Amino acid sequence: MDKTYPSAAAAVADIPDGASLAVGGFGLVGVPIVLIRALLALGSTNLQVASNNCGVDGWGLGELLREGRIARVIASYIGENKDFARRYLGGELEVELTPQGTLAERLRAGGTGIPAFFTASGVGTMVADGGLPWRYGQGGEVTVSSPPKETRRFSSLGGEKEYVLEEAIVTDYALVRAAKGDRHGNLVFEKSARNFNPVAGMAGRITIAEVNELVEPGEIDPDQVHLAGIYVNRVVQLGAVDAAELPIEKTTTRRRPTASARARTEGNGAN
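Numbers 1 to 271, taken from the UniProt record's numbering, label the letters of the sequence shown in order.
Since the hints were made in silico from the structure, they are not lab data.
Remember, it's a predicted structure, so these values are computed and weren't measured experimentally.
C-beta atoms are modelled at their ideal positions from N, C-alpha and C, and glycine is treated no differently.
Be careful, since some hints might not be right.
What the hints assert, rightly or not - Straight line, CA to CA, 30 angstroms or less: simulated DSS-like cross-link-like pairs of lysine-lysine:
| id | residue 1 | residue 2 |
| --- | --- | --- |
| 1 | K250 | K191 |
| 2 | K180 | K3 |
| 3 | K250 | K82 |
| 4 | K180 | K250 |
| 5 | K191 | K180 |
| 6 | K82 | K191 |
| 7 | K191 | K3 |
| 8 | K149 | K161 |
Claimed, not checked - Restraint-style ranges between C-beta atoms, simulated for each label pair:
| id | residue 1 | residue 2 | range |
| --- | --- | --- | --- |
| 9 | R255 | V144 | 46 to 52 angstroms |
| 10 | T45 | V144 | 36 to 42 angstroms |
| 11 | L157 | E67 | 42 to 48 angstroms |
| 12 | V144 | P16 | 22 to 28 angstroms |
| 13 | M1 | E67 | 33 to 39 angstroms |
| 14 | K191 | V241 | 20 to 26 angstroms |
| 15 | E167 | G137 | 24 to 30 angstroms |
| 16 | R152 | D17 | 36 to 42 angstroms |
| 17 | S192 | G139 | 35 to 41 angstroms |
I would like the entire structure built from these sequences, with the hints used as guidance.
Here it is in C-alpha coordinates:
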(Lines of atoms letter the chains of each structure in order from A; the text may use other names.)
(Lines give C-alpha, C1' and ligand atoms only; values in the text may rest on other atoms or scores of the structure.)
Protein backbone atom coordinates (compact mmCIF):
# COMPACT_ATOMS: atom_id res chain seq x y z
CA MET A 1 0.00 0.00 0.00
CA ASP A 2 1.35 3.40 -0.99
CA LYS A 3 0.92 5.60 2.09
CA THR A 4 2.33 8.82 0.66
CA TYR A 5 0.34 12.05 0.74
CA PRO A 6 0.94 14.98 -1.60
CA SER A 7 1.37 17.54 1.19
CA ALA A 8 1.47 18.00 4.92
CA ALA A 9 -1.80 19.91 4.70
CA ALA A 10 -3.53 16.91 3.12
CA ALA A 11 -2.03 14.54 5.69
CA VAL A 12 -3.37 16.46 8.72
CA ALA A 13 -6.64 17.66 7.16
CA ASP A 14 -8.88 15.42 9.30
CA ILE A 15 -7.34 16.25 12.72
CA PRO A 16 -10.28 17.80 14.62
CA ASP A 17 -10.54 20.15 17.57
CA GLY A 18 -9.87 18.31 20.83
CA ALA A 19 -7.72 15.59 19.23
CA SER A 20 -4.95 13.93 21.23
CA LEU A 21 -1.49 13.87 19.65
CA ALA A 22 1.76 12.06 20.36
CA VAL A 23 4.53 14.23 18.89
CA GLY A 24 8.11 13.15 18.30
CA GLY A 25 11.21 15.19 18.94
CA PHE A 26 13.85 15.67 21.61
CA GLY A 27 14.58 19.32 22.28
CA LEU A 28 14.69 20.69 18.73
CA VAL A 29 15.92 17.43 17.21
CA GLY A 30 13.56 15.30 15.15
CA VAL A 31 10.62 17.69 15.48
CA PRO A 32 7.91 17.23 12.80
CA ILE A 33 7.83 20.97 12.19
CA VAL A 34 6.18 20.86 8.77
CA LEU A 35 3.26 18.78 10.06
CA ILE A 36 2.97 21.05 13.11
CA ARG A 37 2.76 24.12 10.87
CA ALA A 38 0.19 22.43 8.65
CA LEU A 39 -1.88 21.72 11.76
CA LEU A 40 -1.47 25.34 12.83
CA ALA A 41 -2.75 26.50 9.43
CA LEU A 42 -5.67 24.06 9.65
CA GLY A 43 -6.85 25.81 12.80
CA SER A 44 -7.44 22.78 15.05
CA THR A 45 -7.60 23.82 18.69
CA ASN A 46 -8.08 22.44 22.22
CA LEU A 47 -5.42 19.85 21.40
CA GLN A 48 -4.04 17.39 23.96
CA VAL A 49 -0.37 16.67 23.39
CA ALA A 50 2.02 14.01 24.67
CA SER A 51 5.62 14.90 23.87
CA ASN A 52 8.98 14.97 25.62
CA ASN A 53 8.81 18.77 25.74
CA CYS A 54 6.76 21.52 24.12
CA GLY A 55 9.35 23.02 21.80
CA VAL A 56 10.78 26.47 22.48
CA ASP A 57 9.26 29.91 22.24
CA GLY A 58 7.93 30.24 18.70
CA TRP A 59 9.27 26.96 17.27
CA GLY A 60 8.09 23.37 17.17
CA LEU A 61 5.07 22.77 19.40
CA GLY A 62 5.77 26.28 20.69
CA GLU A 63 4.10 27.56 17.50
CA LEU A 64 0.82 25.85 18.41
CA LEU A 65 1.21 26.92 22.03
CA ARG A 66 1.74 30.55 21.06
CA GLU A 67 -1.64 30.60 19.29
CA GLY A 68 -3.42 28.98 22.24
CA ARG A 69 -4.18 25.76 20.34
CA ILE A 70 -2.98 23.36 23.06
CA ALA A 71 -5.16 22.68 26.12
CA ARG A 72 -3.22 19.90 27.83
CA VAL A 73 0.34 18.56 27.73
CA ILE A 74 1.92 15.36 29.03
CA ALA A 75 5.66 16.03 29.06
CA SER A 76 8.82 15.29 30.99
CA TYR A 77 9.97 18.89 31.39
CA ILE A 78 9.08 22.46 30.51
CA GLY A 79 12.56 23.13 29.19
CA GLU A 80 13.53 26.41 27.57
CA ASN A 81 9.98 27.47 26.65
CA LYS A 82 9.10 30.55 28.70
CA ASP A 83 5.66 30.75 27.07
CA PHE A 84 4.98 27.17 28.19
CA ALA A 85 5.92 28.03 31.77
CA ARG A 86 3.90 31.25 31.74
CA ARG A 87 0.74 29.56 30.45
CA TYR A 88 1.10 26.67 32.90
CA LEU A 89 1.65 28.88 35.95
CA GLY A 90 -1.04 31.30 34.76
CA GLY A 91 -3.73 28.65 34.59
CA GLU A 92 -4.09 28.61 30.80
CA LEU A 93 -2.71 25.12 30.33
CA GLU A 94 -3.00 21.76 32.08
CA VAL A 95 0.36 19.99 32.37
CA GLU A 96 1.03 16.43 33.51
CA LEU A 97 4.75 16.20 34.21
CA THR A 98 6.10 12.66 34.20
CA PRO A 99 9.62 11.17 34.40
CA GLN A 100 11.25 11.06 30.97
CA GLY A 101 11.82 7.31 30.85
CA THR A 102 8.31 6.69 32.14
CA LEU A 103 6.87 8.86 29.39
CA ALA A 104 8.79 6.93 26.74
CA GLU A 105 7.60 3.62 28.15
CA ARG A 106 3.98 4.82 28.43
CA LEU A 107 4.04 5.65 24.71
CA ARG A 108 5.72 2.35 23.81
CA ALA A 109 3.26 0.41 25.95
CA GLY A 110 0.36 2.08 24.19
CA GLY A 111 1.73 0.96 20.85
CA THR A 112 2.23 -2.65 21.94
CA GLY A 113 -1.14 -3.13 23.61
CA ILE A 114 0.13 -3.12 27.19
CA PRO A 115 -2.42 -1.13 29.25
CA ALA A 116 -0.14 -0.38 32.21
CA PHE A 117 3.17 -1.34 33.82
CA PHE A 118 5.01 -1.02 37.12
CA THR A 119 8.17 1.09 37.44
CA ALA A 120 10.38 2.24 40.31
CA SER A 121 10.63 5.79 38.94
CA GLY A 122 8.64 8.21 41.08
CA VAL A 123 8.07 5.94 44.08
CA GLY A 124 8.08 7.95 47.29
CA THR A 125 7.35 11.22 45.49
CA MET A 126 4.22 13.07 44.40
CA VAL A 127 4.45 11.17 41.11
CA ALA A 128 3.18 8.13 43.02
CA ASP A 129 1.56 9.75 46.05
CA GLY A 130 -0.42 12.34 44.09
CA GLY A 131 -0.56 16.09 44.55
CA LEU A 132 1.46 17.24 41.54
CA PRO A 133 -0.09 20.49 40.28
CA TRP A 134 -1.67 19.83 36.89
CA ARG A 135 -3.47 23.16 36.62
CA TYR A 136 -3.17 26.47 38.42
CA GLY A 137 -5.83 29.11 38.90
CA GLN A 138 -5.29 32.71 37.89
CA GLY A 139 -4.44 33.54 41.49
CA GLY A 140 -1.68 30.93 41.63
CA GLU A 141 -3.71 28.35 43.54
CA VAL A 142 -3.67 24.71 42.44
CA THR A 143 -7.04 23.79 40.93
CA VAL A 144 -6.25 20.31 39.55
CA SER A 145 -3.77 17.90 41.13
CA SER A 146 -2.54 14.48 40.10
CA PRO A 147 -4.31 11.56 41.77
CA PRO A 148 -2.43 8.94 43.82
CA LYS A 149 -1.35 5.85 41.90
CA GLU A 150 -1.37 2.20 42.82
CA THR A 151 1.89 0.86 44.25
CA ARG A 152 3.00 -2.72 44.90
CA ARG A 153 6.05 -4.47 46.23
CA PHE A 154 7.86 -7.00 44.04
CA SER A 155 10.89 -9.17 44.74
CA SER A 156 11.32 -10.67 41.27
CA LEU A 157 14.30 -8.44 40.40
CA GLY A 158 16.42 -9.50 43.36
CA GLY A 159 15.34 -7.89 46.61
CA GLU A 160 11.89 -6.62 47.45
CA LYS A 161 11.16 -3.14 46.18
CA GLU A 162 8.16 -0.85 45.72
CA TYR A 163 6.90 0.07 42.27
CA VAL A 164 4.24 2.45 40.95
CA LEU A 165 1.66 1.60 38.30
CA GLU A 166 1.78 3.82 35.18
CA GLU A 167 -0.87 3.72 32.47
CA ALA A 168 -0.08 3.51 28.76
CA ILE A 169 -0.68 6.44 26.41
CA VAL A 170 -2.67 5.97 23.20
CA THR A 171 -3.50 9.05 21.14
CA ASP A 172 -5.79 9.81 18.22
CA TYR A 173 -2.87 10.86 16.02
CA ALA A 174 0.92 10.87 16.10
CA LEU A 175 3.26 13.24 14.28
CA VAL A 176 6.86 12.14 13.70
CA ARG A 177 9.88 13.09 11.63
CA ALA A 178 12.27 10.59 10.05
CA ALA A 179 15.47 10.86 8.07
CA LYS A 180 14.28 8.25 5.59
CA GLY A 181 11.06 6.43 4.83
CA ASP A 182 9.58 4.27 2.11
CA ARG A 183 6.12 4.31 0.57
CA HIS A 184 4.98 1.52 2.89
CA GLY A 185 5.76 3.66 5.96
CA ASN A 186 8.94 1.97 7.18
CA LEU A 187 11.04 4.66 8.88
CA VAL A 188 14.67 5.31 9.79
CA PHE A 189 15.55 7.99 12.36
CA GLU A 190 18.92 9.66 12.68
CA LYS A 191 20.88 9.82 15.93
CA SER A 192 18.98 11.48 18.83
CA ALA A 193 15.87 11.89 16.67
CA ARG A 194 15.40 8.21 17.49
CA ASN A 195 14.77 8.98 21.18
CA PHE A 196 11.05 9.80 21.13
CA ASN A 197 9.96 9.55 17.50
CA PRO A 198 9.60 5.74 17.34
CA VAL A 199 7.59 5.46 20.55
CA ALA A 200 5.44 8.48 19.64
CA GLY A 201 4.74 6.84 16.29
CA MET A 202 3.72 3.62 18.02
CA ALA A 203 1.24 5.40 20.30
CA GLY A 204 -0.92 7.02 17.61
CA ARG A 205 -4.02 5.36 16.19
CA ILE A 206 -3.19 7.28 13.00
CA THR A 207 0.50 8.06 12.60
CA ILE A 208 1.74 10.67 10.14
CA ALA A 209 5.42 10.87 9.24
CA GLU A 210 7.35 13.60 7.46
CA VAL A 211 10.55 12.26 5.91
CA ASN A 212 13.65 13.97 4.57
CA GLU A 213 14.16 11.23 1.99
CA LEU A 214 11.51 9.03 0.39
CA VAL A 215 12.60 5.74 -1.17
CA GLU A 216 10.86 2.81 -2.79
CA PRO A 217 9.82 -0.29 -0.80
CA GLY A 218 12.73 -2.68 -0.42
CA GLU A 219 15.42 0.02 -0.52
CA ILE A 220 15.68 0.13 3.28
CA ASP A 221 17.47 -2.85 4.82
CA PRO A 222 14.94 -4.50 7.18
CA ASP A 223 17.61 -4.55 9.89
CA GLN A 224 17.86 -0.74 9.64
CA VAL A 225 14.14 -0.03 10.14
CA HIS A 226 13.49 1.77 13.43
CA LEU A 227 9.70 1.97 13.10
CA ALA A 228 7.87 -0.59 10.99
CA GLY A 229 5.31 0.52 8.44
CA ILE A 230 2.55 -1.32 10.31
CA TYR A 231 2.55 1.62 12.74
CA VAL A 232 2.57 4.35 10.06
CA ASN A 233 -0.50 5.44 8.11
CA ARG A 234 0.64 8.49 6.14
CA VAL A 235 3.98 9.65 4.75
CA VAL A 236 4.89 13.13 3.51
CA GLN A 237 8.16 13.83 1.69
CA LEU A 238 9.80 17.11 2.67
CA GLY A 239 11.25 19.54 0.17
CA ALA A 240 14.93 20.47 0.36
CA VAL A 241 14.28 23.74 2.20
CA ASP A 242 12.06 22.15 4.85
CA ALA A 243 14.45 19.22 5.33
CA ALA A 244 17.32 21.65 5.91
CA GLU A 245 15.56 23.61 8.67
CA LEU A 246 17.44 22.24 11.66
CA PRO A 247 17.77 24.91 14.37
CA ILE A 248 20.20 24.55 17.25
CA GLU A 249 18.71 24.92 20.73
CA LYS A 250 21.92 26.15 22.39
CA THR A 251 25.07 27.22 20.59
CA THR A 252 28.37 27.01 22.46
CA THR A 253 31.66 28.23 21.05
CA ARG A 254 35.29 28.29 22.10
CA ARG A 255 38.17 30.39 20.90
CA ARG A 256 40.32 28.62 18.35
CA PRO A 257 44.01 28.40 19.33
CA THR A 258 46.44 30.59 17.42
CA ALA A 259 49.16 29.10 15.25
CA SER A 260 51.81 29.92 17.87
CA ALA A 261 49.77 28.26 20.64
CA ARG A 262 49.35 25.13 18.50
CA ALA A 263 53.08 25.08 17.84
CA ARG A 264 53.86 25.29 21.57
CA THR A 265 51.38 22.48 22.29
CA GLU A 266 52.85 20.28 19.59
CA GLY A 267 56.36 21.04 20.82
CA ASN A 268 55.49 20.09 24.39
CA GLY A 269 53.93 16.89 23.14
CA ALA A 270 57.06 16.01 21.18
CA ASN A 271 59.20 16.39 24.29
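Evaluated hints:
no.: 1; hint: K250 x K191; result: holds (18 angstroms)
no.: 2; hint: K180 x K3; result: holds (14 angstroms)
no.: 3; hint: K250 x K82; result: holds (15 angstroms)
no.: 4; hint: K180 x K250; result: holds (26 angstroms)
no.: 5; hint: K191 x K180; result: holds (12 angstroms)
no.: 6; hint: K82 x K191; result: holds (27 angstroms)
no.: 7; hint: K191 x K3; result: holds (25 angstroms)
no.: 8; hint: K149 x K161; result: holds (16 angstroms)
no.: 9; hint: R255 x V144: 46 to 52 angstroms; result: holds (50 angstroms)
no.: 10; hint: T45 x V144: 36 to 42 angstroms; result: violated (20 angstroms)
no.: 11; hint: L157 x E67: 42 to 48 angstroms; result: holds (46 angstroms)
no.: 12; hint: V144 x P16: 22 to 28 angstroms; result: holds (24 angstroms)
no.: 13; hint: M1 x E67: 33 to 39 angstroms; result: holds (34 angstroms)
no.: 14; hint: K191 x V241: 20 to 26 angstroms; result: holds (21 angstroms)
no.: 15; hint: E167 x G137: 24 to 30 angstroms; result: holds (26 angstroms)
no.: 16; hint: R152 x D17: 36 to 42 angstroms; result: holds (39 angstroms)
no.: 17; hint: S192 x G139: 35 to 41 angstroms; result: holds (40 angstroms)
Consistency note: the structure conflicts with earlier hint 10 alone.
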